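K.L.:
Make the full structure from the sequences, and use the hints.
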Amino acid sequence: MDMDKLQRDIPDLRSKALAELSSLEDRRTLDAWRVEYLGKKSEIAQWMKMLGNLSPDDRRMAGQQIHALRQTLESAFTERMREMDELEIERKLREETLDITLPGTPQAIGHLHPITRILMEIEDIFVKMGFAVVEGPEVETDAYNFEMLNVPKDHPARDMQDTFYLSEELLLRTHTSPMQVRVMEQMRPNIPVKVIVPGRVYRRDEDDATHSHAFHQVEGLVVDQNIRMSDLKGTLEEFAKALFGPEQAVRLRPSFFPFTEPSAEVDVRCIHCKGQGCRVCKQTGWIEILGAGMVHPNVLAAAGYSPDAYSGFAFGMGPERIAMLKYGISDIRLLYQNDLRFLRQFSQLR
Amino acid sequence: MRVSYQWLSEYVDLNDVTPERLAELLTSGGLTVDAVTTRNQGVEGVVVGAVLACEQHSNADRLKVCQVDAGTGEILQIVCGAANVRAGVRVPVALVGAKLPGGVEIKRAKLRGVESSGMLCSAKELGLEVRLLPTEQTSGLFLLPEDTPIGQSIVDVLHLDDAVLDLDLTPNRGDCLSMRGLAYEVAALLGRRSHFEEKAEGHHLDVSDTPQVRVRIESAGCHAYAGQVLQLTGNHQPSPLWMQMRLLAAGIRPIDAIVDVTNFVMLEWGQPLHAFDFATVEAGQIIVRDAEQGELIETLDGQKRVLAEGMTLIADPKKALGIAGVMGGANSEISVGSRSVLLESALFERSHVRRTGQKLGLRSEAQQRFERGVDPAVQIPALKRAVALLQQIVGATPQGGVCQVTSDSMPSMLAHEVCFSPARCNQVLGTSFQASEMRNVFSRLGFTVIGQGETENWRIMVPSRRADIQLEADLVEEVARLCGYDAIPATLPMLANAPGRVGESYKLQKMTRSLFTNCGMDEVVTYAFGHPESISCLRLPENHSLRQSIPLLLPMSEERSHLRRHLLPSLAQVALYNLNHGVKGGAIFEISRVFHPYQLPLVQQPEERHSLGALWFGHTDIELGRPTRAYTFFDAKGVLEYWLMVLGLQENLQFTRSHLPWLHPGRSADILVNGVTIGSLGELHPESALQLELPRAIWAEIDLTTVASLPVHAWQVHPVSRQPWSYRDLAVLVDHEVPAESLLIQVRKNALAVMPHLQLTAKIFDVYSGKGIPVGKKSVGISISLGLEDATLDDDSIQRIMDAILHGLRLEYGAELRGQDS
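The listed protein sequences correspond, in order, to chains G and P. In terms of UniProt numbering, the numbers along the first sequence are unbroken and rise by one, the last being 350. In terms of UniProt numbering, the numbers along the second sequence are unbroken and rise by one, the last being 822.
There may be inaccurate statements among the hints.
Unchecked claim - Heads up, simulated DSS-like pairs for lysine-lysine below, C-alpha to C-alpha not over 27 Å straight-line:
| no. | chain 1 | residue 1 | chain 2 | residue 2 |
| --- | --- | --- | --- | --- |
| 1 | G | Lys128 | P | Lys507 |
| 2 | G | Lys326 | P | Lys507 |
| 3 | P | Lys771 | P | Lys749 |
| 4 | G | Lys241 | P | Lys749 |
| 5 | G | Lys241 | G | Lys128 |
| 6 | P | Lys510 | G | Lys153 |
| 7 | P | Lys124 | P | Lys107 |
| 8 | G | Lys128 | P | Lys510 |
| 9 | P | Lys749 | G | Lys326 |
| 10 | P | Lys763 | P | Lys778 |
| 11 | G | Lys128 | G | Lys326 |
| 12 | G | Lys241 | P | Lys510 |
Rather than coming from a laboratory, the hints here were simulated on the basis of the structure. Note that the structure is a prediction, hence the values are computed from the model and not measured.
P.N.:
Structure follows, in structure tokens:
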């Protein structure tokens, strides 16, 4: 072994190997490179075998040089491998790039009918306030729908609710109020009575933008000793705040229902203009949402609760009207048209 | 009721109360004012003028050239096209610069070469309520009475500066259907006094004089009847302009002096009056009697009406003259030739009048007042007032005295007494009003208070005009109303605390709505009324009970004449509507009542059942990577299986082949839980679909009332295996008819027979027939997962289980193994 030749060959090999390495692009050629320059049959390996032929001084020096060369190539190889891996990952990622503007996998989205949504909201509020939810028959008797509610036959108050009769004595309930009497009869003599009654009601009205021959009501009834009209106001105020927001207030106006005395129409602050006055509230700042009053003594008596010992309040509201106000629906018939292009808009939950 | 602001202000000082403020006041007092309109629709600069001369326009056939004195100090030349213009008439003259409704401004003009300085006006041009005026006042110029002062503003002459309040009265306030009654109310709301000067105008009527008319009450429909005969001297003539304007403001048609006076007094006193031609009254004898069934009468409107029992008639000994409180008869109507008149002022029973009016389909102003209650104290004062007005206006003279008859049922004219406790009032309202405040309320209302202090009971004397006040609660409302509902504080009931609750049946409906929407279904709400024939889409036999639905007595249309017994027609209609509006398809459901009569005609409340109907129609929505496709049986079944699982009804659940006539026999199933049928699903029978005009659709229905009655089993979780599960797939060949589900049941049975504690699920992952599969066979792929709670399953055990499974399938269903995979 010629020390002088070795002194030339080592740098030559280094530059050749490194130059070759930097030109390699895939794992296969890279492996071949490793075998060629660092394998058992590589020049470096052969040099190492022949080191013994050199003088001790030369051997030490050449050993160090060859070892350094090997380390240089090995680390260059590792580095090159790492670069290659990175390139590989990059390429793969590039290939896998998606059009992220494409839609996500659709989930099955159904929609509750807006009336149901409002009914559920109303119910939840009253259930939290301790009310029980009960249901009653849609086909009622004249007695429960009118007479026991202090509306005798041939009374002009019957004009307030045009009625679909099924026979002389049977009719489609014109309001959920008959359940006031039914619930009291069932619960008698227990107190407190504290229920709401959601359900469908029917009036013989021509359908137009604000009238429907069929619609929904939620009746409320509280009976106990010493129930006051102020309790009615407070309860409805809590309800209005829960449904329309904490800044809400209610206003009671005198009115007439045969089955309550005193009777009131109940307004909330216009939810469109927050009470400033707008087209929706006819510039008054208030919007009527329900009728209410103290249960008429004749009704208490008809249901078997002595008006001298008990008092109560009742109210009735229309979820359609509330839905129309809340969602900006101008025609009640849209709620019964069931156009899926309309119903599918009700997907937002808050 | 339409209320003239000027008229009202004669009774109550409204100097500082604008019509708008008055409307607010009334509304907040419970008498809702729907609208305030001013009678003047934009008239300005129109005065009364006299036509002095009237000549033909030389250049136009239809035009006249008039010389008019309008009190301006000069004679105006005005060209006019009206047919009724002539010298001597007084007419409204719009001077140059005047304004008329609709933004018309009068300018000096030349009409066919002739100068015209102004315009003579018609009723329409003045914005009067022409639909209420007779044609002689609306065709051509609006002719004014000959004594109307020249130059006076037409606004003053026609009271156009009046405002009209449109009151939407609640049925309890019949007292406010009169100007006097309303005046009491307004005075009470304002805390002012009302004053009624016209009382003094009433000419003295001699009650002691023998009446010319005799009256007998034979019907329970009449409480009191007063009559006065008057001699007429003058001709048939119109009432004075001021009275016509009052009537117009109230929305009542002016007709002639006699009718107008009766209407005017009705508006004033709330007491309906009627005028008969006394000459037609046989023997001067009025009999108030019950109508006979089928009796005929021709009413004032020219209609022949068939009467029924329970109606009350005004009659003479020979014939009917009118229907009490509802409408007069044609035979006794005042005519041009009438020389004597009988004025009737009566009190008829509210319920009789109402029933009669409803049966005959009539709804007059008089009837409305009787229905809501006329003050029993005003029959005579109103009659006197009318007589006085007729004396003044047409120069009528009373003949004899007033005939006044009352029946035993006559309500008291005196104030009635109602007990009132100030303490209870505050208790009911939750207020703390002073006794003096309450006393003040009653005094404002004109109620007399007997009683002192706050603790004792008061006796409140309520005048007869307020028949709506009968109970303490009514007085409590008066206190609250006049003190203002705003004075009531907001409190919460002091009740024993109990949690709110929702009934099980209702909870089931709510859960079902949520679960179905979770599956992507849209809820609809449809009407409960349907056409009786719509049920025929169910292809039921002729006599099937579902064909018997409850009819409405008076439906608004044939389409909505019966209560539905089934939801399919309604939901199909929704589907059709949507398909016709470009919606490609949908999955919809409704939960609603269906009505099953126990018998027809209906004698008792029907059975109301909660029914769920669901319809899958058209195609699925556009979705990336999944082509749209028609909905299938399995879309519906998947929703129902999910719903049943969440409700805890998946145990003992069976889908069996259905034979319902509206479903495809090969693609439908009845749904049974514990052997109880709860509903069905399936593709609509092609004939049903055809009848509903729908393409292929899937229908499901559930009787929620039945589901609500099913017991729900308590459940707890099982411990899961600590070891990973093992999986085996197998494919077997079986006969085409073998239900796949029975294979799963068999798998389970055989596996558990080998190892009772085995945890196992078996699912179908593939069903295939066709190429490579013998005809009449199908390949069913079953994926099985196995595990033990506390030990590992070794391969030998799994093999034993799989062998047992295969053996069972072969034995029971002749299954052949096609492949096995682990």
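K.L.:
Holds or violated: are the alpha carbons of Lys763 of chain P and Lys778 of chain P at most 27 Å from each other?
P.N.:
Between Lys763 of chain P and Lys778 of chain P the Cα gap is close to 16 Å, so the pair holds against 27 Å.
K.L.:
Is Lys241 of chain G close enough to Lys749 of chain P, meaning Cα to Cα at most 27 Å?
P.N.:
violated (59 Å)
K.L.:
Is the straight-line distance between the alpha-carbon of Lys128 of chain G and that of Lys510 of chain P 27 Å or less?
P.N.:
Distance ~16 Å between Lys128 of chain G and Lys510 of chain P Cα, so the pair holds.
K.L.:
When you check the alpha-carbon spacing of Lys241 of chain G and Lys128 of chain G, does it fall within 27 Å?
P.N.:
Given that 27 Å is the threshold and the Cα spacing comes to 13 Å, the pair holds.
K.L.:
Next pair to validate is Lys241 of chain G with Lys510 of chain P; report whether the Cα-Cα distance is within 27 Å.
P.N.:
At roughly 24 Å apart (the allowed maximum being 27 Å), Lys510 of chain P and Lys241 of chain G satisfy the hint.
K.L.:
If you draw a straight line from the CA of Lys510 of chain P to the CA of Lys153 of chain G, is it 27 Å or shorter?
P.N.:
violated (37 Å)
K.L.:
Does the structure keep Lys771 of chain P and Lys749 of chain P at a Cα separation of 27 Å or less?
P.N.:
Since the Cα atoms of Lys771 of chain P and Lys749 of chain P sit roughly 31 Å apart, the hinted pair is violated (cutoff 27 Å).
K.L.:
Just to be careful, I want the Cα atoms of Lys128 of chain G and Lys507 of chain P compared with a cutoff of 27 Å; is the pair within it?
P.N.:
Distance of about 15 Å is within 27 Å: holds.
K.L.:
Would you check the hint for Lys749 of chain P and Lys326 of chain G, treating anything up to 27 Å between C-alpha atoms as holding?
P.N.:
Distance ~57 Å between Lys749 of chain P and Lys326 of chain G Cα, so the pair is violated.
K.L.:
Hinted pair, alpha-carbon criterion (27 Å max): Lys124 of chain P, Lys107 of chain P. Please report holds or violated.
P.N.:
holds (19 Å)
K.L.:
Going straight from one Cα to the other, do Lys326 of chain G and Lys507 of chain P come out at no more than 27 Å?
P.N.:
holds (25 Å)
K.L.:
Sort out whether Lys326 of chain G lies within 27 Å of Lys128 of chain G, counting only the CA atoms.
P.N.:
holds (21 Å)
Violated hints, listed in ascending order, are 3, 4, 6, 9; each of the other numbered hints is respected by the structure.
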